[in-house]
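Chemist: Letter by letter, the chains look like this.
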Amino acid sequence: MSEALLAARGIRKSFGEHEVLRGVDLDVRRGQVIALIGPSGSGKTTLLRSLNGLETPSAGTLELDGGPSLDFARPVPKAQRFALRDRSAMVFQHHNLFPHLTVLQNVVEGPVQVRRVPRAEAEARALGLLERVGLADKRDAYPRQLSGGQQQRVGIVRALALGPDLLLFDEPTSALDPELVGEVLTVMKELADEGWTMVVVTHELSFARAVANEVLFLDGGVVLERGAPRDLFTDPQQERTRQFLHRILNPLD
Amino acid sequence: MDWALFSSSFWPIVRGGLTGTIPLALASFAIGLVLALGIALMRLSTHPVVSWLGRAYVSLIRGTPLLVQLFVVFYGMPSIGIVINPWPSAIIAFSLNVGGYAAEVIRAAILSVPTGQWEAAYTIGMPRVTTLRRIVLPQAARVSVPPLSNTFISLVKDTSLASLILVTEAFREAQNIAAFSNEFMLLYLEAALVYWLICTVLSFGQTRIERRLERYV
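From first to last, the protein sequence lines stand for chains H and Z.
252 is the number that numbering that gives the first Met the number 0 gives the last residue of the first sequence; the numbers go up by one with no jumps.
216 is the number that numbering that gives the first Met the number 0 gives the last residue of the second sequence; the numbers go up by one with no jumps.
Errors might be hidden in some of the hints.
Claimed, not checked - If you want a taste of the chain Z side facing chain H, the calculated C-beta under 7 angstroms gives, among others:
hint	residue
1	11
2	115
3	118
4	119
5	122
6	123
7	125
Claimed, not checked - Calculated from the model, a selection of chain H residues having no Cβ within reach of chain Z, i.e. all distances over 10 angstroms:
hint	residue
8	18
9	22
10	28
11	39
12	55
13	66
14	68
15	117
16	126
17	127
18	136
19	180
20	226
21	241
22	248
To be verified - Residues from chain Z that keep clear of chain H, each with C-beta distances beyond 10 angstroms, as calculated:
hint	residue
23	52
24	65
25	68
26	175
In short, the hints are calculated from the structure, not lab data.
Bear in mind that the values here come from a model prediction, so they are computed numbers and not experimental data.
In this text, a Cβ means the ideal position worked out from N, Cα and C, and glycines have one as well.
Let the sequences and hints guide you as you build the complete structure.
Modeler: Structure (structure tokens):
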């Protein structure tokens, strides 16, 4: 397998009394697609958000190839948190596009304002990316003028524009109308095929099955089971995993 | 009704509005808004002392009459050796006052911007100050136009209080003419009319600004 990109060890996170993550290990290699699945409240979103500093774990370590290396047992210096954040980009469940900026402005905002890329260069790159997801003609539209699927594709382009090492997806299709899910998953599959490293929190088991190299089933703040999607979906070892998969695949039972 | 007096006094009152009321309101509002943004950010600070200072300021301004604030600046400060002329006194008092009220408006507007916007900005690498400037404030601005317009219209009318510290504005012009003509009813109604005209124009302006900011929501 290819080289390691990220190694998380013993990640814990509490919100007040409630312990959401109770010691999770996660390894991500370059070019790998990892799907995090599990019931709501299992901690999968919190784990994802810990990977870019949106959440600060209460304990554990997080190491990225080429830095930074964080130990959450001690207060994390801002510079380290920012260094962590700058390695990844995130696609949100509710896209979180900036409503007062056009599609193109949304995409170049990070490169121009933060990375100091010259505007013309950033826009040319952004248009290329928009072209790829079929939205170049929407460059001057405002987010509210787009469909949910289009908004989410712009969200993906905004993340790509930063050229991150790691793409994080937080239930990117959960808020979409069913007929719009496909267009977003298609883009994500293409990214995976191109070799982007992705960690995806998802309920789309068929997507996880087709695209992910590894699936982690989280429950109660721990990784209950992990493995290749073929193994985990067809022959789960844990009773909880079996129940969960059964409930998702047969909601009427 | 004395139409001759009405028409001969109309221009002086309007001139008082143009050279007194409106510049006074504009200057105080501009300074007050800057102050308000600072106070709002203080109130939103996670630092307890900073946030407490912001709260104390708002409480002090909202808990005391504007007229008293004006008198403290103009008549009170000389007692401790600080003499301030009428115009600067009025601008100081009105700015401080607007700062207190508008701070609450701006604070609420900032809080109305969803957390997801802060998070999205964070994930594209933005520092907090840039996020505030580029992402949050433009969206908060849209929300705060109606309540801030209210504050501004109140301010325009409140500037009539400056007549009590010798600032020549619309109401003071009316008072002067009333004093020598003895036509109090006529002159004060005329002053009221001029304020009403100014505020009507401002309301049109508010609608236009709202429309301009509406295009993306």
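Chemist: For each hint, tell me whether it holds in the structure or not.
Modeler: Consistency of the hints with the structure:
1. 11: 45 angstroms, violated
2. 115: 4 angstroms, holds
3. 118: This hint holds: residue 118 of chain Z lies near chain H, its Cβ roughly 6 angstroms from the closest one there, short of 7 angstroms.
4. 119: Hint holds; residue 119 of chain Z Cβ to chain H Cβ min 4 angstroms, cut 7 angstroms.
5. 122: Residue 122 of chain Z check passes; min Cβ-Cβ to chain H is 4 angstroms, inside 7 angstroms.
6. 123: 3 angstroms, holds
7. 125: The hint holds - residue 125 of chain Z has a Cβ within 7 angstroms of chain H, the shortest such distance being about 6 angstroms.
8. 18: About 22 angstroms separates residue 18 of chain H from the closest Cβ of chain Z, which puts it past 10 angstroms; holds.
9. 22: Given a closest Cβ separation of 25 angstroms, the condition holds.
10. 28: 22 angstroms, holds
11. 39: 18 angstroms, holds
12. 55: 12 angstroms, holds
13. 66: 16 angstroms, holds
14. 68: Correct as stated: the minimum Cβ-Cβ distance to chain Z is 19 angstroms, above 10 angstroms.
15. 117: 17 angstroms, holds
16. 126: Nearest chain Z Cβ is 18 angstroms from residue 126 of chain H, so the label holds.
17. 127: Holds: least Cβ distance 18 angstroms, greater than 10 angstroms.
18. 136: Since the minimum Cβ distance to chain Z is about 18 angstroms, residue 136 of chain H lies beyond 10 angstroms and the statement holds.
19. 180: 20 angstroms, holds
20. 226: 29 angstroms, holds
21. 241: Since the minimum Cβ distance to chain Z is about 35 angstroms, residue 241 of chain H lies beyond 10 angstroms and the statement holds.
22. 248: Holds, since 31 angstroms exceeds 10 angstroms.
23. 52: 24 angstroms, holds
24. 65: 34 angstroms, holds
25. 68: 36 angstroms, holds
26. 175: The claim holds: residue 175 of chain Z sits with its nearest Cβ about 48 angstroms from chain H, beyond 10 angstroms.
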